[in-house]
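Protein chains in written order, with the working numbering: chain A, 52 to 341; chain B, 662 to 1016.
Hints listed in this document are in silico derivations from the structure and should not be mistaken for laboratory results.
As the structure is a prediction and not an experimental result, all values here were calculated from the model.
Where is the CB? At the ideal position from N, CA and C, for every residue including glycine.
Careful, some of the hints might be misleading.
[Claimed, not checked] Calculated lysine-lysine pairs in the DSSO-like style (CA-CA distance at most 27 Å, straight line):
{"id": "1", "chain 1": "B", "residue 1": "LYS793", "chain 2": "B", "residue 2": "LYS772"}
{"id": "2", "chain 1": "B", "residue 1": "LYS673", "chain 2": "A", "residue 2": "LYS246"}
{"id": "3", "chain 1": "A", "residue 1": "LYS168", "chain 2": "B", "residue 2": "LYS673"}
{"id": "4", "chain 1": "B", "residue 1": "LYS971", "chain 2": "A", "residue 2": "LYS231"}
{"id": "5", "chain 1": "B", "residue 1": "LYS671", "chain 2": "B", "residue 2": "LYS735"}
{"id": "6", "chain 1": "B", "residue 1": "LYS774", "chain 2": "A", "residue 2": "LYS246"}
{"id": "7", "chain 1": "B", "residue 1": "LYS839", "chain 2": "B", "residue 2": "LYS689"}
{"id": "8", "chain 1": "B", "residue 1": "LYS689", "chain 2": "A", "residue 2": "LYS231"}
{"id": "9", "chain 1": "B", "residue 1": "LYS791", "chain 2": "B", "residue 2": "LYS689"}
{"id": "10", "chain 1": "B", "residue 1": "LYS918", "chain 2": "A", "residue 2": "LYS231"}
{"id": "11", "chain 1": "A", "residue 1": "LYS231", "chain 2": "B", "residue 2": "LYS673"}
{"id": "12", "chain 1": "B", "residue 1": "LYS774", "chain 2": "B", "residue 2": "LYS735"}
{"id": "13", "chain 1": "B", "residue 1": "LYS950", "chain 2": "A", "residue 2": "LYS246"}
{"id": "14", "chain 1": "B", "residue 1": "LYS839", "chain 2": "B", "residue 2": "LYS918"}
{"id": "15", "chain 1": "B", "residue 1": "LYS722", "chain 2": "B", "residue 2": "LYS768"}
{"id": "16", "chain 1": "B", "residue 1": "LYS793", "chain 2": "B", "residue 2": "LYS774"}
{"id": "17", "chain 1": "A", "residue 1": "LYS246", "chain 2": "B", "residue 2": "LYS791"}
{"id": "18", "chain 1": "B", "residue 1": "LYS722", "chain 2": "A", "residue 2": "LYS231"}
{"id": "19", "chain 1": "B", "residue 1": "LYS839", "chain 2": "A", "residue 2": "LYS246"}
{"id": "20", "chain 1": "B", "residue 1": "LYS793", "chain 2": "A", "residue 2": "LYS231"}
{"id": "21", "chain 1": "A", "residue 1": "LYS231", "chain 2": "B", "residue 2": "LYS950"}
{"id": "22", "chain 1": "B", "residue 1": "LYS950", "chain 2": "B", "residue 2": "LYS971"}
{"id": "23", "chain 1": "B", "residue 1": "LYS772", "chain 2": "A", "residue 2": "LYS246"}
[What the hints assert, rightly or not] Ranges of calculated distance between the beta carbons of each label pair, as one might list FRET restraints:
{"id": "24", "chain 1": "A", "residue 1": "ALA284", "chain 2": "B", "residue 2": "ASP732", "range": "50 to 58 Å"}
{"id": "25", "chain 1": "B", "residue 1": "LYS793", "chain 2": "A", "residue 2": "ARG133", "range": "58 to 66 Å"}
{"id": "26", "chain 1": "A", "residue 1": "GLY224", "chain 2": "B", "residue 2": "ASP720", "range": "35 to 43 Å"}
{"id": "27", "chain 1": "B", "residue 1": "GLY724", "chain 2": "A", "residue 2": "GLY224", "range": "39 to 47 Å"}
{"id": "28", "chain 1": "B", "residue 1": "GLY1004", "chain 2": "A", "residue 2": "SER152", "range": "58 to 66 Å"}
{"id": "29", "chain 1": "B", "residue 1": "ALA773", "chain 2": "A", "residue 2": "SER202", "range": "48 to 56 Å"}
{"id": "30", "chain 1": "B", "residue 1": "ALA978", "chain 2": "A", "residue 2": "GLY224", "range": "53 to 61 Å"}
{"id": "31", "chain 1": "B", "residue 1": "LEU829", "chain 2": "A", "residue 2": "PRO164", "range": "50 to 58 Å"}
{"id": "32", "chain 1": "B", "residue 1": "LYS793", "chain 2": "A", "residue 2": "LEU75", "range": "32 to 40 Å"}
{"id": "33", "chain 1": "A", "residue 1": "MET196", "chain 2": "B", "residue 2": "ASP730", "range": "41 to 49 Å"}
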Amino acid sequence: MPDLVTSSNFTMWDLFFTQKRKRLITSILLAAFCAVWVYPLIWMVSGSFKPNSELFQGTGLIPDSPTFSNYGRACAEANMQRYFVNTLFVTIGSVVITTFSSALLGYVLGRRPLPGKIAIFGLMVFTLFIPQGYTIIPIIQLLTMFGLGQSLWGLMIATCGGSIVVFTLLFAGYFTQVPKELEEASRMDGVGPFKTFWYVMLPLARPVVVTVVVLQSLQAWNDFLLPLVVTLANPKMRTLSVGIYSFKGEHYIDWGGMTAASTIAIVPIIILFLILQRFFIDGLAGAVKG
Amino acid sequence: MATVTLTNIKKKFGPVEVVKGVNIDIGKGEFCVFVGPSGCGKSTLLRMIAGLEEVTEGDIKIGGERVNDVDASKRGSAMVFQTYALYPHMSVERNMGFGLLMNGVPKMEVKAKVDRAAKILQIENLLNRKPKQLSGGQRQRVAIGRAIVREPDVFLFDEPLSNLDAELRVTTRLEIAKLHQALSGSTMIYVTHDQVEAMTLADRIVVLRDGLVEQTGTPMDLYENPQNIFVAGFIGSPRMNFINVSDLIDVGGQSLKMIGPDAEQVVTVGVRSDALAPARANQPSFLAKVTVIERLGDADYVYFLTDWGKELVARFAPGVTAEIGATIDLAFVGKVHFFNVNGNALSNVQLDEKN
Chain A
52 MPDLVTSSNF TMWDLFFTQK RKRLITSILL AAFCAVWVYP LIWMVSGSFK
102 PNSELFQGTG LIPDSPTFSN YGRACAEANM QRYFVNTLFV TIGSVVITTF
152 SSALLGYVLG RRPLPGKIAI FGLMVFTLFI PQGYTIIPII QLLTMFGLGQ
202 SLWGLMIATC GGSIVVFTLL FAGYFTQVPK ELEEASRMDG VGPFKTFWYV
252 MLPLARPVVV TVVVLQSLQA WNDFLLPLVV TLANPKMRTL SVGIYSFKGE
302 HYIDWGGMTA ASTIAIVPII ILFLILQRFF IDGLAGAVKG
Chain B
662 MATVTLTNIK KKFGPVEVVK GVNIDIGKGE FCVFVGPSGC GKSTLLRMIA
712 GLEEVTEGDI KIGGERVNDV DASKRGSAMV FQTYALYPHM SVERNMGFGL
762 LMNGVPKMEV KAKVDRAAKI LQIENLLNRK PKQLSGGQRQ RVAIGRAIVR
812 EPDVFLFDEP LSNLDAELRV TTRLEIAKLH QALSGSTMIY VTHDQVEAMT
862 LADRIVVLRD GLVEQTGTPM DLYENPQNIF VAGFIGSPRM NFINVSDLID
912 VGGQSLKMIG PDAEQVVTVG VRSDALAPAR ANQPSFLAKV TVIERLGDAD
962 YVYFLTDWGK ELVARFAPGV TAEIGATIDL AFVGKVHFFN VNGNALSNVQ
1012 LDEKN
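Input sequences plus hints: build the corresponding full structure.
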């Protein structure tokens, strides 16, 4: 029998860890990591169905006495529907504005000969290094100057500023790679620059458009500091993230209400991701095929 | 159909002058090929005719009208790009009709024109596909279709076959030649670096080098009577053999004699591969050693190394018995070209056969 073992080229290790088992072990490890990652989210959703008294009792993730009262409170007392509409307004508006302006900016910076292009790029990149906290006062001042300091329109416009530089660079990088013959062909066809942008260039940049839409939605939906400052004097204008924070009173925190409100807040983002996931994969496949 | 006239065209990119004063007249319905090595300015010239590049100096006239400052789309020309430049996200049908649709041509009319062009190019069954679902040859046809749909006065082709594989290049070349006939002789300007394409397609070839026209003429004219060494070497495959006269004199005691008024000026003689053959008795000849034999089936290309270290190529009938390493006595049997010290062709010279 010992002869058999020595005559084989495979060690016990090789024989035990077959391809199939290796895959299985990898899956288990990844699942464990995933569980750690997702746990807070699950806790939040489960907490939203527990009464406040049970929340920190350590009763596990399945509520002992499930209740919708948290949701009721979130809607009735905390005005979550209104905040939801506010957030939706700010998000959709800022996504539309950001996508168009960064695409146009990126198109010009990426493809057109423009004097001082390097300087413009430099200035734009420089702004990336300034933390939001430093710019919040001048932003509020600007909004007030234009009479938008106390309106959702002002908040929407201010929200656009957050990542527009990154998006512009993304578009510029993408547009520089599009062969110039496409534009020339459309020029020979007698198609003007705006129609060329709209019908030829922008559709080609779909992967970037999707990325920008997702990132800007996330940023606008989850932004806290800016809406907090803008809506400080006017609770009706609060967005969801600020609204959720208001469950934290001076002496008492309504954790149940907060988890319920948070759950309401993340649903649209998850839906958005599920819808756009397909395009992400499309975009990636397109990038590989060239 | 329109004439295209270039008068003293110059183009500078910054301080670099790429096109240095070109004069070309292209007649109605002519198939004119610009040929030259890379960097000779042929594509720039085409792009200036198209209106994609500004003219630094000189006049471009299409159909007798000066178009220097006319927008690319209003010159009545259509261009086929080397990279096809098809819009990747549009179907073939939309690719072809895009320009017309954007310019407000009614949909039904566009459809009719696209269908007609598709029929000419035999791509009717591809109209709903996207470019990435097409092969290289099909894409090139769609690109040509997009040009046909616009019913231009002048077709401009910028190295349209360069991205195709060898076999497809030959068939597509043939199709372009047929297309020229099918479109009842539209004026076509075609840029290529491949002299075979130039020879096979052109009514007239313009050979360019370093931004200047070297010679203009029909393919056979350029082949038979090149005006200088450059054209002689560029047109024809395999390349013409050039031999310094000083090397030929007193080879094996049988010197090559030239007679005629310009005989004294001859510095270089040129012979095409089919004008070299094993010498008969008493023919002026020189010895050369066989180095490589390429058997193509219909002909054998035999490469020689002469005594003085010059490599030559001869085209022999198939089934040559020569072996590598053998020494053969070679003689000139066909047309011999003579060039002076500046590389210009001399016409008043002949070989003295009576030796």
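The hints, checked one at a time:
no.	hint	verdict
1	B:LYS793 to B:LYS772	holds (22 Å)
2	B:LYS673 to A:LYS246	violated (30 Å)
3	A:LYS168 to B:LYS673	holds (23 Å)
4	B:LYS971 to A:LYS231	violated (45 Å)
5	B:LYS671 to B:LYS735	holds (22 Å)
6	B:LYS774 to A:LYS246	holds (22 Å)
7	B:LYS839 to B:LYS689	holds (17 Å)
8	B:LYS689 to A:LYS231	violated (31 Å)
9	B:LYS791 to B:LYS689	violated (35 Å)
10	B:LYS918 to A:LYS231	violated (57 Å)
11	A:LYS231 to B:LYS673	holds (20 Å)
12	B:LYS774 to B:LYS735	holds (19 Å)
13	B:LYS950 to A:LYS246	violated (66 Å)
14	B:LYS839 to B:LYS918	violated (47 Å)
15	B:LYS722 to B:LYS768	violated (32 Å)
16	B:LYS793 to B:LYS774	holds (23 Å)
17	A:LYS246 to B:LYS791	holds (20 Å)
18	B:LYS722 to A:LYS231	holds (26 Å)
19	B:LYS839 to A:LYS246	violated (35 Å)
20	B:LYS793 to A:LYS231	holds (18 Å)
21	A:LYS231 to B:LYS950	violated (51 Å)
22	B:LYS950 to B:LYS971	holds (10 Å)
23	B:LYS772 to A:LYS246	holds (20 Å)
24	A:ALA284 to B:ASP732: 50 to 58 Å	holds (56 Å)
25	B:LYS793 to A:ARG133: 58 to 66 Å	violated (48 Å)
26	A:GLY224 to B:ASP720: 35 to 43 Å	holds (41 Å)
27	B:GLY724 to A:GLY224: 39 to 47 Å	holds (43 Å)
28	B:GLY1004 to A:SER152: 58 to 66 Å	holds (60 Å)
29	B:ALA773 to A:SER202: 48 to 56 Å	holds (54 Å)
30	B:ALA978 to A:GLY224: 53 to 61 Å	holds (60 Å)
31	B:LEU829 to A:PRO164: 50 to 58 Å	violated (36 Å)
32	B:LYS793 to A:LEU75: 32 to 40 Å	holds (38 Å)
33	A:MET196 to B:ASP730: 41 to 49 Å	holds (46 Å)
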